[in-house]
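Visitor: Below are the chains, spelled out letter by letter.
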Amino acid sequence: MKGRDVFYQGNEAVAEAALYAGCRFFAGYPITPSTEVAEFLSRRLPMIGGSFIQMEDEISAMAAVIGASLVGKKSLTATSGPGYSLKMENIGFACMTEVPCVVVNVMRGGPSTGLPTGPSQADVMQARWGTHGDHPAVALAPSSVQEIFTETVRAFNLSERLRTPVSLLTDEIIGHMREKITIPEEGELEIWDRPRPEVPPEDYRPYDTSKGIIPPMADFGMGYRWHVTGLNHDQTGFPTNKPELVQPEEERLLAKITSNLSFIEKYEDVRREGARVGMISYGSSARSCKSALSEALSEGIPVDFLRPVTLWPFPERAAREMADRVDVIIVPEMNLGQMILEVERCAGGRAEVVGVNRADGDPITPAQILQRIREVA
Amino acid sequence: MAFDYARYIRPGKLPHIWCPGCAHGIVMKAILRAIDRAGLDKDRTVVVSGIGCASRMPGYVDFNTLHTTHGRALGFATGVKMADPGLSVLVVAGDGDALAIGGNHFIHACRRNIDITLVVFNNSIYGMTGGQFSPATPHGMLASTTPYGNPDYAFDVVQLAMGAGATFVSRSTAYHVLPLEKQIAEGIGHKGFAVIDALCTCPTTFGRRNKLGSGAEMLLWFKDHTIGLKASENLPPEKREGKILTGVFRKEVKPEYCEEYGKIIEKVRPARGGRE
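As they're listed, the protein sequences go chains Y and P. So the first sequence is residues 1 to 377, counted in this note's numbering. So the second sequence is residues 1001 to 1276, counted in this note's numbering.
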């Protein structure tokens, strides 16, 4: 990759990548271990004519992000577990009204205040099911500072193209760890913008799906004068409780994801000759896995490895294929067993699924994983 | 010439959901007349609300409209305004929406002095959910969740807004339609955060339970129980006893938030052609 080399921590990489992706609005509330994202953007956004605001709480920060996006600005907020919980109602609002926005969750231990300065991966299910009601969910889980950069850009791209909130799940380890990364030159990474209406205002219907499942979105203030509501609405955007209008719209929200897996899914899929053991892990835990896997290989135990970068939607086909190839799948994650539920569902009994779990604020070590490999191999 | 409400009402969206005798329609009309008086451009005006009876208003009116989550309208509106300070932003909220679940956002919007006009449709009750007491329900009154009388005390919207630093603060009632319209127009024209406490009536869930009479009788109560701020200055204390003061309580010139942020941008933005 061509570009400028910097020595960044993960949180700085999020902020730099957001600017690269075209983010021009940030609203947030201080919370460990995500605060560096806000600090970086409070410095940089006004330099390029963007806006930064520290709101009175997590809830209003999420609200402001959605408001700014409705005016056409790509918008970001960053938080951690407790703040992510507080944002959930408004994340659901963005799902329902189809307003693009990106939410970074630098995961820390929980429940409640938990371990503010320790890492975890315990918000995986919250990222899928945190807000009430049926709703689409997209969440990305990078493993390195460089990948935080590219995945932040992709989070904006997916959010814009799908018109839905996207969560970027990092954790305290990669959020605060410094690595040398390359900031790509302008134009090197593709940047997507939300579809905007081509029809005149008088013909605009905000949730018109005649041209495709993702309707064009008009910016507030440009003459389209549309209505946005968190109530179930029909294609005109106004509330309805007619079952025959509500059901198709509810289904469409989910279909936006399921019909676009080709560009949403992303994973690393390493297959080794003769492997009877598989491993599925993500984020910073995947780093420990890689170290353990090469050690196991040198001991003569080949292990297949699947690393979802897009965590939601879960890469079901790749996980099912692994279950068909191996006898045992090991799922290391820094929680007491969340993504493993998806793996079990995909394996459907065709492979045994075992976890390596840790929720004490320390990372899972390669030695722990290696020991598990030896046990099952 | 009669006022052309049709210019501001979305075709086919009436009738509204409000009950017979509810004063919200009066406040909505005052807002539309005030917007007209202030000369706002419909395309450049955003009306934001939270949840509740009053919060249904944006669906009826022909602007960029945003019906959000309970209590959070000011947060959404803050994002809208900062993203494009050239937009005129109004927020409509009931007393429960603005002062209970949205109370924190209310005081911080006042403190921040962002150029948003907030009209509180203050009917002293949670109407949408069937008449539970709100932070504006007077002490002792009956509500569906205060069956033995309200042990709680009410917020005074005007005092709260002034204490929190709002730079335009006024109060009127649904009886005093012309002063109400004038205050809202003045609030819109004011550069900074404007709070208009619009006292109105909920005969269905508040009046009936407290035997306050019909909607019309409740409006007349406002006539008999309010005194204009200026008139009150010349009255002896006993004549002010038990009366609600109306009028413009504060109109202060103070730097506005987006303008202040704009100054920061001007200061740190590199000269044209410079490196970011």
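Treat the hints loosely; a few may be bogus.
[Stated by the list, open to error] Covered, in the sense of this in silico footprint (three residues per stretch, anywhere, with C-beta under 8 Å from a C-beta of chain P), are these stretches of chain Y:
| no. | stretch |
| --- | --- |
| 1 | 54-61 |
| 2 | 64-75 |
| 3 | 108-115 |
| 4 | 320-333 |
| 5 | 343-350 |
Everything labelled a hint here was simulated from the structure, so no lab data went into it. Ideal placement from N, C-alpha and C gives every residue a C-beta, glycine not left out.
Visitor: Check each numbered hint from earlier against the structure, then list the numbers of those it violates in ascending order.
Guide: 3, 4 and 5
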